[in-house]
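When you get a sec, could you build the whole thing from the sequences and use the hints?
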Amino acid sequence: MSSFWSRFGKRAESSVADPNLVISVQGLTRTFGKFTAVADVSLDVRSGEIFGILGPNGAGKSTTIRMLCGIIKPSRGQGTVVGIDLLRQPERVKQHVGYMTQRFSLYEDLTVRENLEFYAGIYNVPYRRRGEVLDQAIERAGLEAFRRRVTGELSGGWKQRVALACATLHQPSLLVLDEPTANVDPVSRRAFWSRIHAVAAGGTAVLLTTHYMDEAERCHRVAFVARGQLLDIGTPAELVARRGLEVTELVASDAKQAESALSGLAGVEDLVRYGDVLRVTTRGIQRPLDVVKALLESQAIGVLRAESRLAGVEDAFISMLSPQERVAMGGAT
Amino acid sequence: MMRLLAVARKELRQLRRDRITFSFMVVVPLIQILLFGYAANTDVRHIRTVVLDHDQSAQSRDLVRSLEATGMYDVVGSVQRYDEIETLFRRGEARVAFVVADDFASNVRRGRTANLQLIVDGSDPQIVSIATFTAGSLVAARTNEMLMNRLRPALGAVALPFAVEPLVWYNGELKNSTYVVPGIIGLILSLTMVMLTSMAIARERERGTLEQLMVSPVRRGELIVGKIAPYVLIGYVQMTVVLIAGRVIFDVPIVGSLWLLYGLAFAFITASLALGMLLSTFARTQQQAVQISLLFLLPNVMLSGFLYPTEAMPEPARWLSQALPFTHFLRIVRGILLRGSELAQLQNELVWLCSILLCAVMLASLRFRKRLA
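Which chain is which? The protein sequence lines are A and B, in order.
Sequential numbering from 8 applies to the first sequence in the numbering used here.
Sequential numbering from 43 applies to the second sequence in the numbering used here.
Please keep in mind that the hints were generated in silico from the structure rather than gathered at the bench.
Treat the hints loosely; a few may be bogus.
Which bits of chain A does chain B cover? Going by a derived footprint, with three or more residues having C-beta under 8 Å, they are [said to hold, decoys possible]: (1) 97-107; (2) 117-127.
Away from chain A, derived, C-beta distances all over 12 Å, residues of chain B [to be verified]: (3) M67; (4) P167; (5) S179; (6) A201; (7) V297; (8) E384.
Partial list, computed: chain B residues near chain A (C-beta under 7 Å) [claimed, not checked]: (9) R45; (10) K52; (11) T251; (12) M256; (13) V257.
All values reported here derive from a predicted model rather than from experimental measurement.
Idealized CB from N, CA, C, for every residue including glycine.
The structure is reproduced here in C-alpha cells:
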C-alpha cells in the first residue's frame with residue numbers, strides 16, 4: 008500500500024539508453040509445463056510507432072502480449088516496458104499500458120460516461136482532473152451525443168470507440184490492442200484506424216495483433232509469429248522484399264489441370280485457385296510469367312490470360328508458414 | 043483506495059440498474075419469512091383420532107373427553123371393530139386410536155387397573171412422541187388425583203412425593219415462529235450474499251471484463267473488497283426487512299441490543315460474502331454460480347440448527363456445521379433477540395465467524411491467482 012499514491016503519473020526511472028524505446032525485450036520465453044508458448048522473442052518498439060503482430064491462432068500472440076502487459080511473468084529473457092523491468096516489477100507496467108480486447112470488455116449496463124469514469128478511477132486519475140479528462144476523452148472519441156446512453160445499446164463500431172476511449176483515458180505510453188477490429192464493420196474499421204494513427208502521432212506506442220493482412224500493411228512495422236517463434240520483423244515493404252516473391256495470376260483453359268501441372272514446378276511457393284483464377288507465387292524463377300506460360304502450353308493447357316502482380320504482406324507471410332499452419336490461418340493453401 | 047472506491051461505485055451502479063437483483067433483495071426475504079413463519083410449523087396439534095369404545099361407560103367417555111380437551115387429539119369418529127382402525131390408518135384418515143376394553147368401568151369401580159390402549163401410526167416419529175407423551179401425562183395426573191382421593195380418608199392430608207414444575211424462560215408460549223423467524227434473517231443472508239457475490243464475479247468473467255481488469259493496475263484485494271462492499275449494504279437492508287416483518291407479523295420479541303446484533307451481523311455478512319467469492323472461482327457462468335449457491339444452501343438449512351437442533355446431530359455433522367457461518371449467526375441472532383445475550387456471551391461465535399472469514403478470503407485469493415495464471 009505504500010507506493011499507492013506515488014503511482015499515478017510517475018514514469019519509472021529509465022535504464023534504457025534510448026528514451027523513445029517503449030518496449031525493449033530480449034529472448035522473452037514462456038513455457039507452460041513442457042509446452043513452450045513463446046520462444047526467444049526479441050522486440051523493440053518506439054513511441055509513436057504502430058507495431059503489428061501477425062500470426063495464426065495458437066502462434067503465441069496472446070501470450071506475448073500478456074507478458075508485455077505484465078499479466079504473466081516470462082520464464083526466461085529480459086527487457087523493459089515503459090522503462091520498467093518486466094521480470095522484477097511486472098505489476099508496475101500495468102499503470103502505463105492501455106489494453107483493449109476484441110470483445111471490448113465494457114460494462115454494458117453502464118452508460119458511456121460511467122464506463123469512462125470507472126476506468127478513470129481504476130487508473131488513478133485524480134478527482135480534481137477527472138471531469139476535464141473525461142470530457143476530453145468523450146470529445147476525442149466523438150461520443151458527445153452518447154455520453155448518457157447505456158453502452159449495451161450501442162452498435163459494434165460505437166462500442167469500439169468507447170472501449171478505445173477507456174483504454175487511452177489515462178494517456179498510456181503503450182496501447183495494446185488484441186484483434187481490435189474483429190467485431191466491427193468495414194466503415195468503422197477505417198475510422199478506427201485513423202484514430203489509431205492519431206493516438207500514435209501523439210507519441211503513444213501501439214502494439215496490436217491481427218488476422219487481417221490489409222491491417223498489417225497499415226502498421227509501421229510488423230512481426231510474423233508462428234509456433235511461438237518470431238519469424239521476421241520489419242516494415243511491410245521490407246518483409247515482402249526479403250521474401251523475393253513474385254506473383255503470377257492466370258486463367259487457364261482447365262484450371263484443375265493447370266494446378267496439378269504447376270505444383271510440380273521447382274520454385275513454386277504457393278498455389279491458390281480462386282474460381283478459375285490461379286494465383287502462383289514463385290521464388291527464384293527468372294521471368295516467372297513466361298516460365299509458367301511455357302510450362303502450361305507445353306502440356307497443351309491453354310492460357311487465356313496471365314499477368315504479374317505485386318507480392319503483398321499476405322504472400323510473404325503465407326510463404327513462411329508450414330502447410331498445416333496455412334490451414335489454421337483459414338484454408339489458404 | 044481510489045481504485046477500490048471505483049470498483050465499489052461501479053458495482054453499486056450496476057446493482058441499481060439490475061431490477062431483478064433489486065427485487066431479489068426485498069421480495070425474497072418477505073416470501074421466506076411468510077413461508078417459514080406460517081407453513082413450516084412444527085407445532086403438532088389436532089392429531090386425527092378414532093375411538094373404539096367396547097365399554098361405552100360414563101368413565102370411558104369421560105377419559106376420552108378429557109384427552110380431547112388437551113387439544114392434541116381431534117376425535118374424528120368412532121369405530122366398532124379393531125380392523126376398522128387399520129383401514130383408517132392406511133387411508134391416512136386417522137393417526138391415533140384410543141381403545142377402551144369392555145371391563146374399563148368395572149375395573150375403575152373395583153379399584154383395579156383400568157387399561158386404555160393407545161395405538162399410534164409410527165410413520166411420523168414426531169407424532170408418536172407427542173401423542174404418547176400427552177396421553178401419558180394426562181393419565182398420570184388422573185391417577186395421582188384418584189389415589190390421593192382414596193388415601194385421604196385413611197391417612198388425612200397426603201402430599202405427592204415428587205413434582206416437576208416446568209418453567210419455560212424465553213419464548214414462554216413456545217411459539218414456533220418466535221424460534222424460526224430470527225433464523226430466517228441468517229438463512230436469507232447466507233443465500234443472497236453467497237449468490238450475489240458469486241454471480242457478480244461470474245458476470246465479469248462471462249462478459250470478458252475480468253480480463254480487462256487483470257490488465258489494469260487493480261490489485262486482487264482491491265477488486266475483491268470493492269466488489270463485496272456494496273453487498274454489505276444490501277445485507278443490512280435485508281436484515282432490517284426481516285426484522286420489521288418478524289416484529290409486525292409474528293410478534294417476535296427483541297430482548298437484547300439491536301446495535302449488538304447489527305454489529306455482529308457485519309462479521310457474518312462479510313464471511314458469507316467471502317464464501318461467495320470462493321464459490322465463484324468454481325463457476326464460469328452466472329448460471330453455474332446460482333447452482334453452486336443453491337447447493338450451498340442445503341447444508342445451511344439442514345446442519346446449522348435452523349430446523350433441527352445441532353445437539354441431535356452425529357459428531358461429524360456437528361463439525362461440519364461449525365464451518366458454516368450461518369450456524370454461528372443463528373446462535374447470535376437467537377441469543378440476542380430471544381434471550382438478550384450480550385457480547386461476552388457470544389464471543390465464541392464471533393471468533394468462529396472471523397476465522398471462517400479469514401480462511402475464505404485466503405482460499406479465494408489463492409484460487410483467484412490460479413484461475414488467472
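Here is how each hint holds up against the structure:
1. Coverage of the segment 97-107 of chain A by chain B holds [criterion: at least 3 residues with CB-CB distance below 8 Å; count 5].
2. Only residues whose C-beta sits within less than 8 Å of a C-beta in chain B count toward coverage, and the segment 117-127 of chain A has 6 of them, enough to reach three; the restraint holds.
3. Taking the minimum C-beta to C-beta distance to chain A, about 17 Å, the non-interface status of B:M67 holds against the 12 Å cut.
4. Listed as outside the interface, B:P167 is consistent with that label: its C-beta sits roughly 51 Å from the nearest C-beta of chain A, beyond the 12 Å cut-off.
5. Distance check for B:S179 against chain A: the nearest CB is about 63 Å away, which clears 12 Å, and the non-interface claim stands.
6. For B:A201, the shortest C-beta to C-beta distance to chain A comes to about 76 Å, beyond the 12 Å cut-off, and the non-interface label holds.
7. Every CB of chain A lies more than 12 Å from the CB of B:V297, the least distance being 43 Å, so the non-interface label holds.
8. The claim that B:E384 lies off the interface holds: its Cβ sits roughly 36 Å from the closest Cβ of chain A, which is beyond the 12 Å cut-off.
9. Hint status for B:R45: holds, given a least beta-carbon distance of 5 Å to chain A, under 7 Å.
10. With a least beta-carbon distance of about 5 Å to chain A, the hint placing B:K52 at the interface is held under the 7 Å criterion.
11. With a cut of 7 Å, the hint placing B:T251 at the interface with chain A holds, because the nearest CB-to-CB distance is about 5 Å.
12. Of the supplied interface hints, the one on B:M256 holds, with its beta-carbon coming within about 6 Å of a beta-carbon of chain A, less than 7 Å.
13. Hint status for B:V257: holds, given a least beta-carbon distance of 4 Å to chain A, under 7 Å.
In terms of the numbered hints stated before, the structure departs from none.
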